[in-house]
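**Q** For chain A, the structure is supplied; the task is to place chains B, C, D, E and F on it using the hints.
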Amino acid sequence: MLLSNLPALQVVIPLVSAPVCLLLRNPRHAWACALIISWLVLAMALLLLQQVYTLGTISYAIGAWATPWGIEYRIDMAGALMILIIATVGAVTMPYAWRNIQHELHRKHTGVYYTCYLLCLTGLLGIVVTGDAFNLFVFLEISSLSSYVLISLGPSRRALTAAYQYLVMGTIGATFILIGIGLLYMMTGTLNMQDISQRLPEVADTRTIRVAFAFVTVGVSIKLALFPLHIWLPNAYTYAPSVVSAFMAATATKVGVYVLLRFFFTLFGLQFSFNAMHVGEILMLLAVAAILIASLVAIFQDNVKRMLAYSSVAQIGYIILGISLATTAGVSAGMLHLFNHAMIKGALFMAMGCIFLRLGSVEIHNMHGLARQMPWTMAAFVAGGLSLIGVPLTAGFISKWYLVNAALTDGYWPLAVLILVSSLLALIYIWRVVEAAYFHLPGADMHKVREAPASMLIPTWLLIGVNLYVGLDAGLITNIAQQGAASLLGQALQ
Amino acid sequence: MFIAVSAVLLVAIALGLVRAFRGPTLYDRVMAANMIGTLTVLMVAVLGFMAERPEFLDIALVYVLISFVSTIAVLRVYASRVSMQGSDRK
Amino acid sequence: MTELLGHYNYWIVIILMMTGFYIVIARPNLVKKVIGLFIFQTSVFILFISMAKIEGGTAPIIEEGLSVYSNPLPHVLILTAIVVSLATTALGLALVVRIQEAYGTSNEDDIHVQDEED
Amino acid sequence: MMQPLLDVLSWICLLGGAIFLLIGAIGVLRFPDFYTRLHAVSVCDTLGAGLVLVGLIFQGGLSLVTVKLLLIFYFMIFTGPTAVHALAQAALQSKLKPLVDDHEPR
Amino acid sequence: MEHLIDIVLLGLLMITGFAIVRMKSLLAVAMLTSIYSLLSASLFVVLDAVDVALTEAAIGAGISTILMLATVALTRDEEKAPRHTPLLPLAVVTVTGAALIYGTLDMPHYGDPAAPVHQHAASAYLHDTPGEIGVPNVVTSVLASYRGYDTLGEVTVIFTAGAGVLALLGYRTRRRNIQGPGIRKLVVLRVIAKLFFPLILLFALYVLFHGDYGPGGGFQAGVIFATGFILYALAFGLGNAQRVIHHPLLRIMAAVGVLIYAAVGIEGILLGGKFLEYGVLADDPVTGQHLGIMLIELGVGITVAAVMLIIYYGFVSRQD
Amino acid sequence: MSRLKHAINLGLFLFAIWVLLSGHYTPLLLVLGVLSTLLVVFLAARADLIDREIYPILLKASVLFYWFWLGREIIKSNINVARLILDPAMPISPNVFTVRAFQKTELGRVTYANSITLVPGTVAMDVEEDVITVHALTMAAAKDLKRGDMNRRVCHVEGVFPCS
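Protein chains in written order, with the working numbering: chain A, 1 to 494; chain B, 1 to 90; chain C, 1 to 118; chain D, 1 to 106; chain E, 1 to 320; chain F, 1 to 164.
So here's chain A without its partners, still in its complex pose:
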């Protein structure tokens, strides 16, 4: 009975636990509650993935109302993969959060932090599983509002301005999406994504639908920080508490990408999005710009969190590049990179959190000789960095390999060169940190710095472990990504 209601419970359980967390006055209890729920969510995500793997796409009618009237939950392979990413990152960051939050947040905020974290988790999961366009907007707002709060809790006052900037841009993005959904509804008379996609061909050739497409695309692009609309991201990730940076970098923008995929392939359809609207060319151009410019900017950052944030913008470029090819190979490479990048960035930001805990700073010029004091943390950073660069035997290599292959199949050989060049850029910015930590003489106060606590190191290494595992044996995850891509594109081709 509970198993058949898994899609709803997947979202509802974190939702219910959020108010419970607010009621628990003792921060330790709130943390314990959030921890249990996070791991429960991960367990459910695995069960759900297994169900989708065996049974195919799951549809769940909330309130037992038939589809165009009620709200439908619809989970295919791509969705299940997304849920797995969110749940994994959520479950891994939670044990890590305790020390980090104790350190970086004002004491009176620690209780609220867990509430907002659970709400954010709810929102992200809700976006992924829903099959209803407006419901997507609602859960998008839940995740956005809670992430504004989470970011604003950061230790410096600039966290406030970063959160404000994100709030303004995020709300513009959400309102654009709302306008787009409104126009779609106006022309089709329905909000269910499947239903819209079936009714769309009749009216696809109208100016209204084209505008709806444009607004949804721009709105989602703000949320996923596509290149010229990324300006909220560096500040938000730099000034948020480290665990929030790790969680958001690994999930929020990824969910944005997933929403874009849903709209392009499931809702509007491949034909309309790529052949009629030529979104592929535009996306490819923006992706190339993102990869090059953001990587270049990342090189010149002294604050490593900011550097990683710019690197995120570049990595989103890779994912979008894969999608812009609009082939099964391209999309599956994009999704694979989506998974890998979530693991890499999560781990890297968590390593930064460890460093911030002990060093009180994440600036390169303060890290001289750090490797001797915090060998495990720096080793994690190096491992993650190698994966980010795309060195063989790491996860980053796998996804870049598939990406290059997909590009070459379509005859876009300059893209392959581009990926190589940008990997070099990544090498440079990672190297700057490595150089400072391993090859510079330690500063005067460096001997006081100790290794990070196990409660933070182990989660970091867990994600690094996933990275290395995928690098060695990518079969399972590649298979899931390919199935996800096929289900996205296959629906479109029907």
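A hint or two may mislead.
Using 16 angstroms as the maximum straight-line C-alpha spacing, the simulated EDC-like pairs for lysine to aspartate or glutamate come out as follows [as the list claims (entries may be wrong)]:
1. F:K76 <-> F:D149
2. E:K185 <-> F:E128
3. D:K95 <-> F:D126
4. E:K185 <-> F:E106
5. E:K24 <-> E:E79
6. F:K143 <-> F:E73
7. E:K185 <-> F:D48
8. F:K146 <-> F:E73
9. D:K95 <-> D:D33
10. E:K24 <-> E:D77
11. F:K104 <-> F:E129
12. F:K5 <-> F:D48
13. F:K146 <-> F:D130
14. E:K24 <-> E:E78
15. F:K143 <-> D:D101
16. E:K185 <-> F:E129
17. F:K104 <-> F:E128
18. E:K80 <-> C:D110
19. F:K104 <-> F:D130
20. E:K80 <-> C:D109
21. D:K97 <-> D:D7
22. D:K97 <-> F:D126
23. F:K76 <-> F:D144
24. E:K185 <-> F:D130
If the Cβ cut is set under 10 angstroms, some of the chain A residues that face chain C in the computed set are [claimed, not checked]:
25. T161
26. T171
27. G189
If you are wondering where the hints come from, they were derived from the structure by calculation, not from laboratory data. Think of the CB as a built atom: it goes at the ideal place given N, C-alpha and C, for glycine as much as any other residue.
**A** Here is chains B, C, D, E and F on its own, set in the frame of chain A:
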């Protein structure tokens, strides 16, 4: 007939808007907002009769209450600020 | 002429939306930006409600003797959206209050200057 | 029999109310300072609103509608002057000087 | 004839919008925003959206305006001129607006009964509601039952806002019961508040329980309920209001409302149905629907009232 | 003890309002009405608002008579003010003065102040103890108020005799 009344109400609202734009003091604007609130209440009531749906009166009732409370709130919030400044000066 | 009347609502609503949007992106004052967002969102609500209207229809509360009702679904969506807009406004303003306390100003340009000094 | 009479009565009230509302709004525009404008608001709040509501009551007949209209009327009679008073008081507290006619002694 | 009112109201809205752009005094802008809300609420009435009108008035003209003014009171009133030329924003706005107007060209005409919006799901809601839900107000039936899950999301959004304001502004309990030097002079307000406080609360509960029959429901009721307390706080001081409803109680209420809603949904699962399936709550599906709608509206009302007060207390307690 | 009586009175009054508003007389809604009334009375008691009877006073015969008188005054002065507004010369002579309220209770004073405001032409600007500051639009309106007719009538309603 209802049309005539609602037309007059609209004109009155427009005149109130002019006062809200011209100010010159905050109080003039609050006063204009309060008056527009009253006019809106009447407008909703008249519209309800025009559409032959007198259920609309619930909305009118809410408007009366809300516009009253928000007028008072504006004045109180602003007054506390003025008295604050006053104490600063001393 | 019918074209004009048929789309009048939508066009004005678009002008309203753009007014709000302009305030958000052009004005440096943080409070005014939030107000701009509020106007932007409220105007989108009018767009939705306009599309729900049926000529000669009445409010979707079923009653004997009435047959034409306006579309209830956009109303429901907008009820939700109004709540979202309130939540955004409240959070945005709370952030402005905190920024004011931390920086002593609520002007974006001044905040940039202070941030660069850091 | 009664209906036409009631209709006429209600039209008279509605029209009268509308006229007073309009006059009040003109007053809000024309009067020279804040405190004098308050009197024009009073015109809207009392006779303008009152007559319109009474006109509607005649339309509604004896029903729940009338009760609600009376309730609105009741609310308005209490909130209107309170709001005006609060406005005047707040303005006075913030040292907004009323325009006083100095031709005649106080 | 409704067209005429519609056109004029839209024109007034447009003028107000432009005035808001031009006006430099933020207090004036906040007041104009309140007027903007009132006007759009009247427009919603003209466009038959009575529930929306009720909400917009309570939110836009009420609580939002109060929050904006409270914020302006804490920041500087005058807006500085922007340092950059507004050319780029102007270009962005023009392009966006032009795109939207381009999009309107193929839209169904305003009020066209043959538009696709009115055909598919909407007509089914209007047709099926009396039989399946047994509630005259179709907005309520769609809101609470057909799309009840959206409403759960909505409550969660408002809960998030409450938690966020709690995190950002916190709360301070007032020891002093009476604020400002002028409280002694507020005798008129105090007496009227005394008169109106019970009435507003009663009216809020009326709106809560009559959402099935007319405009209203949990959300609007919650806002009106909070408004009653705001009036009380204005007349008798924040300290007294916090004494009537303690801050910890508000926290509990905010959480409990969401939990009630979710519990109704989960009860549906436990009784062998789907999440948020009200039909299984009672022997007769229509009764079950009634029960479910009533309970979730109650949950919505509790959370909304509590969160509104948390937000209001948060902003006002910063005024020191 | 009398607090309880006041509370019961308030409850009855509120329930009457509920019944008048509702229009749906199913058992469920009536029960909800009772519950709502109880909740509101409880909150009002918690808020310390049940210290005297407010609502029943409003229905006394003398009060109704006062309303009637006030209505006539309002209409008269409305016409006066309307004339002033429409007069191109606008012959107004705004002035500020104070009057002493004879009433003993807060409620009485507030009734008086609000009556002053309700009548267009005079606005109560400030109430401090028993001194009411009034803004009048014309000298005539001021003179009218200073005659003290309304003051005495409010006293009547309040039932406080004799007025000093």
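**Q** It remains to establish, for every hint, whether it holds in the given structure.
**A** So, going through the hints one by one against the coordinates:
At most 16 angstroms may separate the alpha-carbon atoms for a hinted pair to count; K76 of chain F and D149 of chain F meet this at roughly 15 angstroms. Restraint check for K185 of chain E and E128 of chain F: satisfied, since their Cα atoms lie roughly 5 angstroms apart, inside the 16 angstroms limit. Restraint check: the Cα-Cα separation between K95 of chain D and D126 of chain F comes to about 13 angstroms, which is no more than 16 angstroms; the hinted pair holds. For the suggested pair K185 of chain E and E106 of chain F, the alpha carbons sit about 11 angstroms apart, so the restraint of at most 16 angstroms is met.
A C-alpha spacing of about 5 angstroms is found between K24 of chain E and E79 of chain E, which places the hinted pair at or below 16 angstroms, so the restraint holds. In summary, the hint linking K143 of chain F to E73 of chain F is supported, as the alpha carbons are separated by about 14 angstroms, within the 16 angstroms threshold. Our distance criterion of 16 angstroms between C-alpha atoms is broken by K185 of chain E and D48 of chain F, whose separation comes to about 20 angstroms. For the proposed pair K146 of chain F and E73 of chain F, the alpha carbon gap of about 14 angstroms is at most 16 angstroms, so the pair holds.
Pair hint K95 of chain D plus D33 of chain D holds up; C-alpha atoms about 14 angstroms apart against a cutoff of 16 angstroms. Only pairs whose Cα atoms come within 16 angstroms are accepted, and K24 of chain E paired with D77 of chain E is accepted, the gap being roughly 8 angstroms. Note on K104 of chain F and E129 of chain F: the hinted pairing holds, with a Cα-Cα distance of about 10 angstroms set against a maximum of 16 angstroms. Using a Cα cut-off of 16 angstroms, the hinted pair K5 of chain F and D48 of chain F holds, with the two alpha carbons roughly 15 angstroms apart.
For the proposed pair K146 of chain F and D130 of chain F, the alpha carbon gap of about 15 angstroms is at most 16 angstroms, so the pair holds. About 6 angstroms separates the Cα atoms of K24 of chain E and E78 of chain E, which keeps this hinted pair within 16 angstroms; it holds. Distance hint between K143 of chain F and D101 of chain D is fulfilled; the C-alpha atoms sit about 15 angstroms from each other, no more than 16 angstroms. Our distance criterion of 16 angstroms between C-alpha atoms is met by K185 of chain E and E129 of chain F, whose separation comes to about 8 angstroms.
Note on K104 of chain F and E128 of chain F: the hinted pairing holds, with a Cα-Cα distance of about 13 angstroms set against a maximum of 16 angstroms. Restraint check: the Cα-Cα separation between K80 of chain E and D110 of chain C comes to about 10 angstroms, which is no more than 16 angstroms; the hinted pair holds. For the proposed pair K104 of chain F and D130 of chain F, the alpha carbon gap of about 8 angstroms is at most 16 angstroms, so the pair holds. Straight-line distance between C-alpha atoms of K80 of chain E and D109 of chain C comes to about 9 angstroms, which keeps the hinted pair within the 16 angstroms bound.
Between K97 of chain D and D7 of chain D, the direct Cα distance comes to roughly 47 angstroms. Violation of the 16 angstroms bound is thereby established for this hinted pair. As the CA atoms of K97 of chain D and D126 of chain F are separated by approximately 14 angstroms, the hinted pair is consistent with the 16 angstroms bound. Of the supplied pair hints, the one linking K76 of chain F and D144 of chain F holds, its CA atoms being roughly 12 angstroms apart against a limit of 16 angstroms. Simply put, K185 of chain E and D130 of chain F have alpha-carbon atoms about 11 angstroms apart, close enough for the 16 angstroms limit, and the pair holds.
Hint status for T161 of chain A relative to chain C: holds, with the closest Cβ pair at about 6 angstroms, below 10 angstroms. Residue-level restraint check for T171 of chain A holds (minimum Cβ-Cβ distance to chain C is 5 angstroms; threshold 10 angstroms). Interface restraint check: G189 of chain A against chain C, minimum CB-CB distance 9 angstroms, threshold 10 angstroms, status holds.
In the structure shown, a violation is registered for the earlier hints numbered 7, 21, in ascending order.
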